[in-house]
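**Q** Take a look at the letters that make up each chain.
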Amino acid sequence: MHIPSTLKANDRRLGYILIAPTLIILFLVVLYPLLYSFYISFHNMNVAIPWKGRIFVGFDNYINVIQDISWWKAILRTFYFVISDVLVGITFGLMIALLLNKKLIMKSLIFAIVLFPYVLPPIVNALMWKLIYDSNYGLLNGMLYQFGFINDYIAWFSKTNSAIIMLIIANLWQGTPFAVILFLSGLKSIPLEIYEAARIDGSSSWQSFRYITLPLLKPIIYILVVMKTILTFKIFDLIYALTGGGPANSTQVVSMKIYNESFNFLKFGRASAMSYILLGVVTCFVIIYMKLFEEKKESEN
Amino acid sequence: MSENWIWCWYKGGEKVKKYSLVCFRNIFLLCFKEGNNMRFKSFVLVLVLLILSFSIFVTVYAADVELNTIEGPGNVPFYLSRFVEFADETGIKVNLNVIPYGRDAGIKLISSFMAGGDQYDVFLIDCIEVAQYAGAGWAMSVDEWITPDLEEDIVPFAKDGMMFKGHWYGLPYASEWKSFVYNDKMLKDAGLVEFPKTWNDVVEYGQELQNSGVVKYSTAFSWAQKECLICDFAALSASFDGVFFNEDLEPLFNKGGAVEALQWMVDSINEYKVVDPASIMWTEDEVDAAMQNGDIAYQISWGYPLVRLNDPDRSSIVGQAKIGLMPSVDGEHPYTVSGPMGWAISKGTKNPAEAWEFVKFIAGPKGSKVAAIRQGMFSGWKSVLNDPEVQAGVPGLEDMAKQAEYIVNRPIVPWYHEFSVKFAEKLHEALTLQKSPQEALNEAVEETLKIKSEYEEATR
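Line by line, the protein sequences give chains A and B. For the record, in the first sequence the residue sitting at position 74 is 74 according to the numbering used here, with numbers rising by one throughout. Converting from the second sequence to the numbering used here requires adding 301 to each position, the first position being numbered 1.
The hints are simulated quantities; they were obtained by calculation from the structure and are not laboratory data. Note that the structure is a prediction, hence the values are computed from the model and not measured. Watch out, some of these pointers could steer you wrong.
[Said to hold, decoys possible] Residues on chain B that point at chain A, a partial pick, calculated with CB under 8 Å:
| no. | residue |
| --- | --- |
| 1 | L350 |
| 2 | L351 |
| 3 | I408 |
| 4 | Q433 |
| 5 | A759 |
Backbone N, C-alpha and C fix where the C-beta goes; we use that ideal spot for every residue, glycine too.
Based on the sequences and whatever the hints tell you, model everything.
**A** See the structure below:
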């Protein structure tokens, strides 16, 4: 059917008008702040001294951040957090998904319980774990004491070496269901005939897992590694609610440092520079992962 | 969206009306242009968008004076009732935006100041914020409205909390300090006849309380790596005769009493073991809860602690707690820290006179009396503290008033927040035994000098 060109032009114009509000909002809320924060990262901008305005300092903010030892300590802590969260989270996620892939009684109920942490808002998760970790009335202390694992209640967040581990556990509890969902969908997509053929050839359960399941799940593993790295690198809510970066900065990750710089010290220029350095670090990670994934895929092909 | 948006559009400026009519006409013509099959649906959609957009723009043209403010959820019912009373008395409506506690209100306030300062007309200001807000030109000076009567009536430390460089920036509202509270029954159960007056007594009595099985830990403090740690350190340091800065703002807290105070804090957890180790992560709320639950025998607490501790809905130690003077190193320096807060006016407000009417209503002597009796707010006015009705309504006020002679404020400097965050980090390094108290305080002095010189260079 022939559509007159004037009619098509009118439809296009109308389409632009209708999506214009969305584009304007996207520009104002996403693109403009992004560009503006990049711009002010090259300026000395202290909001508490408004009469000075913005003073162009070139790369000084970036150099100061890179020379700041506390920044690199925060990066290292974040790496520790990320590596623990990724390794343990993916391992547990796979184990739970393998279990849920079997025939179980009340499988739907178990699945709902497993997924429950994922639907909680992060701040609710944090407040819940605050109660669990309470040094006088917490569930964790109560259970460990009753079972005889500890002789006395422990103030988990009062020690620099235990505080970050407790945070990792709280984050794992909420983040693992995401891995479960992805692994479960991956497991469901593996044809059963492959396992039958392997059984006929005399392969054991472990061999089936190692030579069939794991290789076929590799794309999902790589996606999870990338996504969990990005998500964990920018973790904030849990740490803000539970420790605020303490004790003695032992849980101060990069996002908390940026928060302090911008909202406590009001140094927006330096905080913006930190954000872009963090962006660079995460981007490097993602590129490394993608390269590894491509090399693996080529070698397998 | 204003409920009177149609009326507001009608009353709005000529430009608003002309612009809206032109836009409406153009969109109408576009939608109903020949050959446009979607005209009716798209016309309705665009009309709805237009109405929504202009509702936002025309709210500014509302004729009645309304004041806006922002606060946390703690005192909302009381505030709302007072706002109604204020509206009945003056015809000025006050709108309250409620947000979570902490620095969230400060962040929103600062954002509004950066955008001109007319979003919030009046706000609660902490003494540690006065220098920053006044220095940055965000808070309005209220000198012109301060009368000799007000100057005469105000408690000195409350006045210090509301002033910067000789100018007033609000009226005191919650002019509180930390009081020493002890559980008299627990002390008697442990065979102790009086409350501790020195820090040595705190240790000795504490160990007695613990050894006799009355409590597991005799006390706890709010030593989380936050502002609460600075407050407690300020109190302890003053009670050891330490000081923060001299008149030229040269840091002195790595000398003398301040170092001894930090050493005592470290030893109280690790050597004497009379302070709950969880104090390192506790804020005031957790310490209050521990006292209310009967887990500890004494604490230092803001406001009127006996109001809370004698409330059967919240406390399991009703009638057992009493107020005493703060312990000190020799019993002669029972100093504590103050935390006066007040109501201030934004420099960008479009209604300064009305804003002052509100501040006077809620934080002046009359308003402060209402807050003291109904809400347990600590008054900064002598007339209110001496009022028999207030004294009858607040248990322990007479004992608390004795503390009023021995009060210190935290440093009043424009760079206080950055100093506070970094100082808390260093104190925590000492508390968690990563550094000795002397090392930690020496590094804190270096950081402070850096912050101070950066600020001075930036403001030159």
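**Q** Does the structure break any of the earlier hints, and which numbers would those be?
**A** Violated hint (a single one): 2; every other hint is consistent with the structure.
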